[in-house]
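**Q** Sequence:
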Amino acid sequence: MTCCKSETTQKNNSEGTVFLNELQNQKIIDLTYSFSNKSIYWVTAKEFELQVVAQGQTDKGFYYAANNFSTAEHGGTHIDAPRHFYETGQTVDQIPLFNLIGNAIKVNVVHNTKNNPDYQVSIDDFKNWEQQHNQPIPNGSIVIIETGFGAFYPDKQKYLGTVNRGPEAVKELHFPGLSPEGASWLITERNIKAVGLDTPSIDYGQSQDFKSHVILMSKNIPVFENVANVEQLPARGFQIIALPIKIEGGSGGPLRIIAILDEQAPYY
1 MTCCKSETTQ KNNSEGTVFL NELQNQKIID LTYSFSNKSI YWVTAKEFEL
51 QVVAQGQTDK GFYYAANNFS TAEHGGTHID APRHFYETGQ TVDQIPLFNL
101 IGNAIKVNVV HNTKNNPDYQ VSIDDFKNWE QQHNQPIPNG SIVIIETGFG
151 AFYPDKQKYL GTVNRGPEAV KELHFPGLSP EGASWLITER NIKAVGLDTP
201 SIDYGQSQDF KSHVILMSKN IPVFENVANV EQLPARGFQI IALPIKIEGG
251 SGGPLRIIAI LDEQAPYY
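Per my numbering, residue 1 is the first one in the sequence shown, and the count goes up by one each step.
It is worth saying that the hints were derived from the structure and are not from the lab. Remember, predicted model here, so these are calculated numbers, not experimental data. Incorrect hints may appear among the rest.
Stated by the list, open to error - The list that follows gives simulated cross-link-like pairs (lysine-lysine, DSS-like), each with its CA atoms no further than 30 Å apart:
(1) 127 x 46
(2) 27 x 127
(3) 156 x 46
(4) 171 x 27
(5) 171 x 38
(6) 156 x 60
Unchecked claim - Distance windows between CB atoms, simulated:
(7) 138 x 66: 43 to 49 Å
(8) 239 x 171: 34 to 40 Å
(9) 122 x 64: 50 to 56 Å
(10) 101 x 58: 38 to 44 Å
(11) 36 x 140: 40 to 46 Å
(12) 97 x 262: 19 to 25 Å
Idealized CB from N, CA, C, for every residue including glycine.
Construct the entire structure; sequences and hints are all you get.
**A** The structure is reproduced here in structure tokens:
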């Protein structure tokens, strides 16, 4: 048995080394904004705070640093768990890892948002992607949407539409989102794992009923919001790894999300 265990360990180590060597030859893009006092949060949510507990040399001769932080679940680069808008939806700790990792595509709608901050991504935007690439959105895809608003982060006026905070500021929000019709089409006509975009919400800023949230989350489709560096992604040929902080019972939380590009990923 010792021999067999040793052989298994050697095989696993060998496979791990091969994976790491392959990974070194691929491009990795960090799609996460750092959390700080500049992080953008929903106008009614508690913003990120970092409290320094210790920082410096100790009396025993070694350096030591430690902090406390506090934050709302929904702000900065984060995940919306299905429970966020659906009573029986998965909480953030219940989302299968399979739904947070996988092949992805990017749909670019920047040309539609330049003069319309209230643009809602349509079914036609997804069909145009399919026509351009001569294929349907592949089964099990994670769909990333580029609206161009990532260029404004962390300028609240340009990114959110307002620098004000509190309930009264909600009516001042202006940024693009996914239309309810587009959300329905993605889950009824295509088989997707998750949706992410470079704005504060999957619903556009002026939404009053958050239908796209409800439609997606009623089918346990998680959403990634405030995704960074989306403009660096190709239209296809990449994988997403999106791992949130695992809050038991959480409706969402801070997210570390990366993209791993295939060597021959087409940039169009």
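**Q** Evaluate each hint against the coordinates.
**A** We went through each hint and held it up to the structure:
For the hint pairing residue 127 with residue 46, the CA-to-CA distance comes to about 38 Å; that exceeds 30 Å, so the pair is violated. Note on residue 27 and residue 127: the hinted pairing holds, with a Cα-Cα distance of about 28 Å set against a maximum of 30 Å. At most 30 Å may separate the alpha-carbon atoms for a hinted pair to count; residue 156 and residue 46 meet this at roughly 15 Å. At most 30 Å may separate the alpha-carbon atoms for a hinted pair to count; residue 171 and residue 27 exceed this at roughly 40 Å.
With a C-alpha separation of about 22 Å, the suggested pairing of residue 171 with residue 38 holds against the 30 Å cut-off. Distance hint between residue 156 and residue 60 is unfulfilled; the C-alpha atoms sit about 45 Å from each other, more than 30 Å. Our hint of 43 to 49 Å for residue 138 and residue 66 holds, since their Cβ atoms are close to 45 Å apart. The beta-carbon spacing between residue 239 and residue 171, approximately 39 Å, falls within the hinted interval of 34 to 40 Å.
Judged by the Cβ atoms, the range 50 to 56 Å given for residue 122 and residue 64 holds: they are separated by roughly 54 Å. For residue 101 and residue 58, the hinted distance range of 38 to 44 Å is satisfied, since their beta carbons lie about 40 Å from each other. For residue 36 and residue 140, the Cβ-Cβ distance of about 34 Å falls outside the hinted range of 40 to 46 Å, so the restraint is violated. Between residue 97 and residue 262 the Cβ separation comes to about 21 Å, which falls inside the hinted range of 19 to 25 Å.
Of the numbered hints stated above, those contradicted by the structure are hints 1, 4, 6, 11, listed in ascending order.
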